[in-house]
Amino acid sequence: MAKAVWNGQTLAESETFETVEGNIYFPDETVKREFLRPSSTTSSCPWKGLARYYTIVVDGQENQDAAWYYPDPKPAARSVKHHTAFWRGVEVTK
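First residue of the sequence shown: 1, per full-length UniProt numbering; consecutive thereafter.
Keep in mind the hints are simulated off the structure, nothing from the lab. The structure displayed is predicted, hence computed values, not measured ones. Possibly wrong hints are sitting among the right ones.
Said to hold, decoys possible - Within a straight-line C-alpha distance of at most 16 angstroms, the following computed EDC-like cross-link-like pairs (lysine to aspartate or glutamate) qualify:
| id | residue 1 | residue 2 |
| --- | --- | --- |
| 1 | LYS48 | GLU18 |
| 2 | LYS81 | GLU29 |
| 3 | LYS3 | GLU91 |
| 4 | LYS94 | GLU18 |
Stated by the list, open to error - So the derived label-pair ranges between C-beta atoms look like this:
| id | residue 1 | residue 2 | range |
| --- | --- | --- | --- |
| 5 | ARG78 | GLY8 | 33 to 41 angstroms |
| 6 | ALA76 | THR10 | 28 to 36 angstroms |
| 7 | GLN9 | PRO38 | 16 to 24 angstroms |
| 8 | GLY89 | GLU34 | 16 to 24 angstroms |
| 9 | GLY60 | PRO38 | 16 to 24 angstroms |
| 10 | GLY8 | LYS74 | 29 to 37 angstroms |
| 11 | PRO75 | VAL5 | 28 to 36 angstroms |
| 12 | GLU13 | ARG78 | 22 to 30 angstroms |
| 13 | ASP59 | TRP87 | 18 to 26 angstroms |
| 14 | GLU91 | GLY60 | 16 to 24 angstroms |
| 15 | PRO27 | LEU50 | 14 to 22 angstroms |
Glycine included, C-beta positions come from ideal geometry on N, C-alpha and C.
Produce the entire structure from the sequences given, and follow the hints as far as they go.
Written out as structure tokens, the structure is:
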């Protein structure tokens, strides 16, 4: 079981997940979307493609760009399509 927690709130929890470059990617259906707000931030990876970010909001506190996903990953990273990963103080355990 993998779990992502920030500010005392579980953001995602799943028996199934993908691990890429040490990051756990949670299937979209296991992510609690009510805590995510779209961000305008993007980044690019040569083999995964364009990443988009979410800001996490829990109890009025924001964690800017603390979750990311690849809406249209390159073929080598297709396993993370429809998955979300976390960082910036989010505790991810498995």
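Hints versus structure:
With a C-alpha separation of about 14 angstroms, the suggested pairing of LYS48 with GLU18 holds against the 16 angstroms cut-off. The suggested pairing of LYS81 with GLU29 holds, with an alpha-carbon distance near 12 angstroms, which does not exceed 16 angstroms. For the proposed pair LYS3 and GLU91, the alpha carbon gap of about 8 angstroms is at most 16 angstroms, so the pair holds. A hinted pair counts as satisfied when its Cα atoms are at most 16 angstroms apart, and LYS94 with GLU18 qualifies at roughly 11 angstroms.
Between ARG78 and GLY8 the beta carbons are some 34 angstroms apart, a value that agrees with the proposed interval 33 to 41 angstroms. Between ALA76 and THR10, the C-beta spacing of about 31 angstroms keeps the proposed range 28 to 36 angstroms intact. Roughly 19 angstroms separates the CB atoms of GLN9 and PRO38, a value that falls within the hinted 16 to 24 angstroms. Judged by the Cβ atoms, the range 16 to 24 angstroms given for GLY89 and GLU34 holds: they are separated by roughly 19 angstroms.
For the pair GLY60 and PRO38, the beta carbons lie near 18 angstroms from each other, so the given range of 16 to 24 angstroms is met. The supplied range of 29 to 37 angstroms is met by GLY8 and LYS74, whose beta-carbon atoms lie about 36 angstroms from each other. Range check, PRO75 to VAL5: about 32 angstroms between beta-carbon atoms, so the 28 to 36 angstroms window is met. At roughly 23 angstroms, the beta-carbon separation of GLU13 and ARG78 lies within the given 22 to 30 angstroms, and the hint holds.
A hinted range of 18 to 26 angstroms holds for the C-beta pair ASP59 and TRP87, which are about 20 angstroms apart. In this structure the hint that GLU91 and GLY60 lie 16 to 24 angstroms apart at CB holds, the actual value being about 19 angstroms. For PRO27 paired with LEU50, a C-beta distance near 20 angstroms keeps the hint of 14 to 22 angstroms intact.
Checked against the numbered hints listed earlier, the structure breaks none of them; every hint is satisfied.
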